[in-house]
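> Sequence:
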Amino acid sequence: MSKTNKYVSADIKKQILKRLRNDGIPVAQLADEHGLSGRTIYGWLSKGASAAPTWLELNKLKKENQALKELIGVLTYEKTMAQKKS
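For the sequence shown, our numbering begins at 1059 and goes up steadily by one.
The hints are simulated quantities; they were obtained by calculation from the structure and are not laboratory data.
Predicted model only: the values in this text are computed from it and were never measured.
Any given hint might turn out to be false.
[Said to hold, decoys possible] Here are the computed lysine-lysine pairs in the PhoX-like style, where the Cα-Cα straight-line distance is at most 20 Å:
id, residue 1, residue 2
1, LYS1076, LYS1105
2, LYS1127, LYS1143
3, LYS1120, LYS1072
4, LYS1071, LYS1127
5, LYS1127, LYS1064
[What the hints assert, rightly or not] Pairwise CB distance ranges (calculated):
id, residue 1, residue 2, range
6, ARG1079, LEU1116, 46 to 52 Å
7, LEU1075, GLN1124, 41 to 47 Å
8, GLU1136, GLU1091, 33 to 39 Å
9, GLN1141, TRP1102, 47 to 53 Å
10, MET1139, GLY1093, 38 to 44 Å
11, GLU1128, GLY1101, 21 to 27 Å
12, GLN1087, ALA1140, 21 to 27 Å
13, LYS1142, LYS1072, 39 to 45 Å
14, PRO1084, ASN1123, 25 to 31 Å
15, GLY1082, GLU1136, 16 to 22 Å
16, LYS1105, GLU1136, 18 to 24 Å
17, GLN1124, THR1098, 25 to 31 Å
Yeah, the Cβ is synthetic: ideal placement off N, Cα and C, and Gly gets one too.
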């Protein structure tokens, strides 16, 4: 198997990753469409995943976490009340 290095512009990388994240298109399909290996796309994903989250993303996650904790509290209370009634 011969190795070939195919240059992919930054715009194409962004487009591929955007379609992967937003549209849910499988990596294998995107790799076939662009003549790349799936390993290449997974490499791009891992590089992007190692970046620190932005403040906006962090605050969004904190709010979501708080809302989930509140929901767990409500559900736990309702379950406890239902068990006491029976």
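> Each hint needs a verdict: does it hold in this structure or not?
Against the structure, the hints come out as follows:
1. LYS1076 - LYS1105: 15 Å, holds
2. LYS1127 - LYS1143: 24 Å, violated
3. LYS1120 - LYS1072: 27 Å, violated
4. LYS1071 - LYS1127: 37 Å, violated
5. LYS1127 - LYS1064: Measuring from Cα to Cα gives roughly 47 Å; hence the hint is violated.
6. ARG1079 - LEU1116: 46 to 52 Å: 18 Å, violated
7. LEU1075 - GLN1124: 41 to 47 Å: The hint (41 to 47 Å, Cβ to Cβ) is violated, given that LEU1075 and GLN1124 are roughly 29 Å apart.
8. GLU1136 - GLU1091: 33 to 39 Å: About 48 Å separates the Cβ atoms of GLU1136 and GLU1091, which means 33 to 39 Å is violated.
9. GLN1141 - TRP1102: 47 to 53 Å: 50 Å, holds
10. MET1139 - GLY1093: 38 to 44 Å: 60 Å, violated
11. GLU1128 - GLY1101: 21 to 27 Å: At roughly 39 Å between Cβ atoms, GLY1101 and GLU1128 fall outside 21 to 27 Å, so the hint is violated.
12. GLN1087 - ALA1140: 21 to 27 Å: 46 Å, violated
13. LYS1142 - LYS1072: 39 to 45 Å: Cβ of LYS1142 to Cβ of LYS1072: about 55 Å, so the range 39 to 45 Å is violated.
14. PRO1084 - ASN1123: 25 to 31 Å: About 29 Å separates the Cβ atoms of PRO1084 and ASN1123, which means 25 to 31 Å holds.
15. GLY1082 - GLU1136: 16 to 22 Å: Check failed, 34 Å falls outside 16 to 22 Å.
16. LYS1105 - GLU1136: 18 to 24 Å: Violated, at about 44 Å.
17. GLN1124 - THR1098: 25 to 31 Å: Given a distance of about 38 Å, which is not inside 25 to 31 Å, the answer is violated.
The structure is inconsistent with the numbered hints 2, 3, 4, 5, 6, 7, 8, 10, 11, 12, 13, 15, 16, 17, although it conforms to all the rest.
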